[in-house]
Amino acid sequence: MTTLNQQSEFVPTILDPEALDSRPITLWGLVRRRFFRRKSAMVGLGILGLLILTAIFAPAIAPYHPEQVLIGVEQVRKRQAPCIHLLGCPTDQPQHLMGLDGNVRDQFSRVVYGSRFSLIIGFTTVTFAILVGATLGGLAGFLGGWFDDIVMRIMDVLLAFPSLLLAIAIVAVLGPGLINALLAIGIVSIPAYARVVRASVLMVKEMDYVSASRALGAAPLSLLYNRILPNALTPLIVQGTLGIASAILDAAALSFLGLGAQPPTPEWGSMLGTERNQVFTAPHLVFYPGLAIMLTVLAFNLLGDGLRDALDPRLAHVS
Amino acid sequence: MKRNLFVLLSLLVIASVLTACGGAPATATEAPPVVTEPPTEEPATEEPTEAATEAPATEAPSTYEGMSVAAENCDYGGKISSIEATDQFTVVFNLCKPDPAFLAKVAFTPFGIQPSEYIESTGGTGEILERPIGTGPYVLESWARGDSITYTRFDDYWGEPAIAETAVLRWGTEGAARLLELQSGTVDLITNVSPDDFETVSSDPNLQLITDPNPNVFYLGMTNTHPPFDNPMVRQAVAMGIDRQRIVDNFYPAGSEVAQYFTPCSIPNGCEGDPWYDFDPEAARALLAEAGFPDGFETSIYYRDVFRVYLPEPGLVAVELQTQLRDNLGIDAEVVVMESGEFIAESGAGNLAGFHLLGWGADYPHVTNFLDFHFGEANTQFGNSYPEIYEHLQEASQIGDVAEAAPLYANANNAVREQVPMVPIAHGVSADAALASLQGVHERPFGAYVFALLDPGDDTLVVMQNAEPISLYCADETDGESLTACQQVVETLYDYELDSGETVPELATSCEPNEDTTVWTCTLREGVKFHDGSDFDANDVVASWAAGIDAENPNHVGNTGTFFYYEYLWDSFINPAPQ
Amino acid sequence: MLQYITRRILLAVPVLFGILLVTFILGRLIPGDPCTAALGEHATAEACERFAKEFGLDQPILVQLGIYMGNILRGDFGESIRYSRPVTLILIERLPMTIELSTLALILALLIGIPAGIIAAVRHNSATDVVTMVGANVGVSMPVFWLGLMMAYLFAIVLKDTPFWLPPSGRLTAGLTATPFYEHYGWQVEPGPGWFYLLEFLSNFYIFNSIVTFNFTVLKDAITHLILPALALCTIPMAIIARMTRSSVLEVLGMDYVRTARAKGLRERIVVIKHAFRNALLPVVTVIGLSLGGLLGGAVLTETVFSLAGVGRILFEAITARDYPVIQSFTIVIATGYVAINLLVDLAYAYLDPRIRLT
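Residue numbers (the working numbering), protein chains in the order written: chain A, 1 to 319; chain B, 1001 to 1579; chain C, 2001 to 2359.
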């Protein structure tokens, strides 16, 4: 049974006490306010902030170098369980918050440094895909004609493949490795952005203010940059944030299958993949990298959701 | 709309043009069918080869029309001169060169015997790939592709009937998933337990750990056509600069050993000669400096991320070697993982400029399987082959007596030690696991588990291996998963002992060599029946062997037509295709 | 309508042609060849030369492309290099498994996702909303293989000997066979292309097959084996569907006609279910089509973890083994299916929403 306070949402904005503020109401101000009201988006933002700080200050946070093999340096065994002094592990044993991995390296340090890789993976693949996709989609929508047809057919072809399988095929051709995996994921992500930008361009192209500008003699390219592309920006931002999330997951999947980051790189997916058969004997080696991936991807997803809700004008009545 | 139509039309035109061009030569990849009369059981005919040797007529009251297959002469390069069925229960193998390892090879599953009529009727392909007919204790009931193979007990088996009435072979690629199935009790036996699960299994009272003593070796290969590995001092420095004990202690399951020779010592003559260098980093560095690299050099370590008993954790060992090379010798090696097929192709051709990680598991219990394959004259894996090594090997492979050949193999091993084409590191141990309630478990160095001996306590035995068989016509397969599946159904002339590489009679009651082991006369077991009810006799042996060894036999089709072990173990096919 | 359909199908042709080309090129670009993939350490140069000759792999690449195109247009998918069996047969054996798994996963995703989305929308910005949305996002954020392994451990080991035990892998318990229904009823069918293929295809849907043969043991067994993989697989589309439902319901709840309904004094529940719900579901229909692509990709990992013989897994194995006919034909079939489903979704959307005119 829903409560009656639903009614309060439908009070017109003009009676919104905040609107009676003397500060001018700007579009971005409204967006910002809507965004910060969404609690789940705040959670996402918080996690992301933590992640970025971890990535930047990794050398300070991590007690060991992520590639340092500890055989002979400490009295420890391969794949040893975590030893946390605060939780009762005897102090004469070296502390390893997340235990040791198969090469006798401190897993906590590797997870901490792994944040750098995940962020890099997410941002580079999406940036690459956006740059290529937005250019193609924007030009296709703007120029129309045969160029539009061919580009969109190529995008259809790319989209018809299940993305993971296409990425696997591309990596198989290029050879395993992190750079090649990034390229593969980037290529596979291009169609989504091309479509988004093309749709925005098509929509805006016909709008009155664009026709007006054109009638006033504005050059086509300046139209593209000044009027059309900024409108594509909002769905692109949303799509991009969500895209970072799926890029990180895809990279983890590729590494799991042995095709992504190669040893000794401390990438979370590769850490999961190497140790996946130890899920019952050394669950800490599977749990923590998986948890890290999950939290990171969660953060981006929540952020993307929050942005989408905040930026979607149709949801304007929802605070 | 018009635009789209134009695009469509042009594409359709291109498509039809390609079809027209591509359609004509159709599927012209099959060899033109060789027309011969199918030889049948009683009025048996001879194989249509160049110089078919006439079956020597005996004075026996009933003349048996025995089949035979023969080579024109012994110049073709292979070991087999002819295989003849001299009477209903005798088969004679005439060899071009002495082969002391004859019995060890003959016991290998690809040389299994199926009914000659069945081979004829299937043409050596099609149904025979999924339904082998043999003489073994189990009959193949069905193969649910992707899921499982079901066997039922053969009640007319010539030996001890199988204990479990039904046997099911399943597979799962993930070690963790296989162990899960075992722990939940849905399977009785799993193969290839992850090394890290050994402890879990041994400490669980409901499970038993079965160590698998199959001889194997893991080595660090070097290619002498790529500098600085062309310098023997560099190779020798590497030989001394690796702490192999540390690798075995940390990355191999308990029971594994450091390799002192290339061949494991369980193989006769494997460990003749001097053992490998001790770990001596100072001497190694000094030698490397003498060779002109006081500060080491840059190179790569190539490997493929595939689990093998000789290398259960490739990624970890690669990084470990990288660390050791850097710390002990100052060699800065980049770890490069390659895709499996590519890695094999490149390493085999000797194209990898750097170290490569590879190994070998024994096919049959003879030292030639290890040394000759790798250090023979024709092998390019390590660059230019070493005459210092292969000259000894060529001499030794002619000698049948183990003791007589021993000093020659000592020389060969010493040459390996001196030239260092590779650094042998470990003999890995693998293990399988079973429910503690499974009786009749055996640890077999050669050959697969004999399902017939396993007693699960109920009437269905469930075994889980790590992959699906490729096909069930084992003459044309090389993977262990196919061989395991075939072995329950199809038998060979001899078989391996349960606990060693010694051979025992199976379908043959004896195979006697002549003095220089060039002629082997096999007397067959009588009264044996195939699963389809027909009787086993000498023509079945010849037909089965002919389909594999004779490249012009109409039944030499198989799955991919490779018949790898026929070519490799007997040096060549009879009537090979012109190169 | 008919014109629209024909036009869409015609437009799909160049797309499929492009897919064929891309698959062929990609497949051949992968270094290595089927021979070394098959023989491993044992590969020798002579053996591989003969191998290449036998499978027509030594002919110029354009000739191979031409031959392949010609065969596809005649419906001949060729023979697998690794297994020497018609690819069509392999497809018939594997496809039903993947379809069953994906369908079950989709159904679960809809059953959980839609109500979750609605609840979150109706109680939006409350604790319930946040928890539901975070939960849905957690579903989409977890690596499927990780989730699969954890769940397998939970249900197969931890819950062993309880009524909640679920088998960790396979399609059926060892020893149980799903007799094809045409065999069960004694129909005589000759093996070979044609009716046999169709009947085999249908009988590989174990759930359908066991219902038709009234074999309820097998039915129960097949379903229990599908639950864990379907659960692991459904988390991604479920999260997407929940989010989509939520935003769609939110949007609809703000519409004028809903306000009117409320103003009329109708109870909230009726407002939501009768007036908002149906319209809100429309965008969800599009999401269903999109999810199928994700399901197929996730299927590779799920099929690996749970040892299921599906299309995703064998495609991955074929790539590793360089089994070109299988790679090419399977990809074409998957892509065609994808294109067809998208077309159906577009049609359904147009049918359900009278505002959309198909141009």
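Do not rely on the hints blindly, as some may be mistaken.
Quick list of simulated restraints, FRET-style, between CB atoms [unchecked claim]:
# : chain 1 : residue 1 : chain 2 : residue 2 : range
1 : A       : Ala199    : C       : Gly2075   : 43 to 49 Å
2 : B       : Arg1326   : A       : Ala199    : 36 to 42 Å
3 : C       : Trp2165   : B       : Asp1532   : 57 to 63 Å
4 : B       : Glu1334   : C       : Ile2341   : 20 to 26 Å
5 : C       : Asp2256   : A       : Leu143    : 36 to 42 Å
6 : C       : Gly2337   : B       : Glu1334   : 24 to 30 Å
7 : B       : His1226   : C       : Trp2195   : 58 to 64 Å
8 : C       : Arg2007   : B       : Ala1577   : 52 to 58 Å
9 : A       : Ser211    : C       : Thr2006   : 17 to 23 Å
Quick look at which bits of chain C chain B covers, simulated, 3 or more residues with Cβ under 8 Å [unchecked claim]:
#  : stretch
10 : 2090–2101
11 : 2119–2133
12 : 2224–2237
Below, in silico cross-link-like pairs of lysine to aspartate or glutamate (DMTMM-like), each with a Cα-Cα straight-line distance of 25 Å or less [to be verified]:
#  : chain 1 : residue 1 : chain 2 : residue 2
13 : C       : Lys2160   : B       : Glu1127
14 : A       : Lys78     : B       : Asp1458
15 : B       : Lys1079   : C       : Glu2046
16 : C       : Lys2160   : B       : Asp1458
17 : C       : Lys2053   : B       : Glu1127
18 : A       : Lys78     : B       : Asp1212
19 : B       : Lys1097   : C       : Glu2046
20 : C       : Lys2053   : B       : Asp1278
21 : C       : Lys2220   : C       : Glu2251
22 : A       : Lys78     : B       : Asp1249
Source of the hints: derived by calculation from the structure; they are not laboratory data. Using N, Cα and C, we set each Cβ at its ideal position, and we do this for glycine too.
Please write out, lowest number first, the hints stated earlier that are contradicted by the structure.
-> 1, 2, 3, 4, 6, 9, 11, 12, 13, 14, 20 and 21
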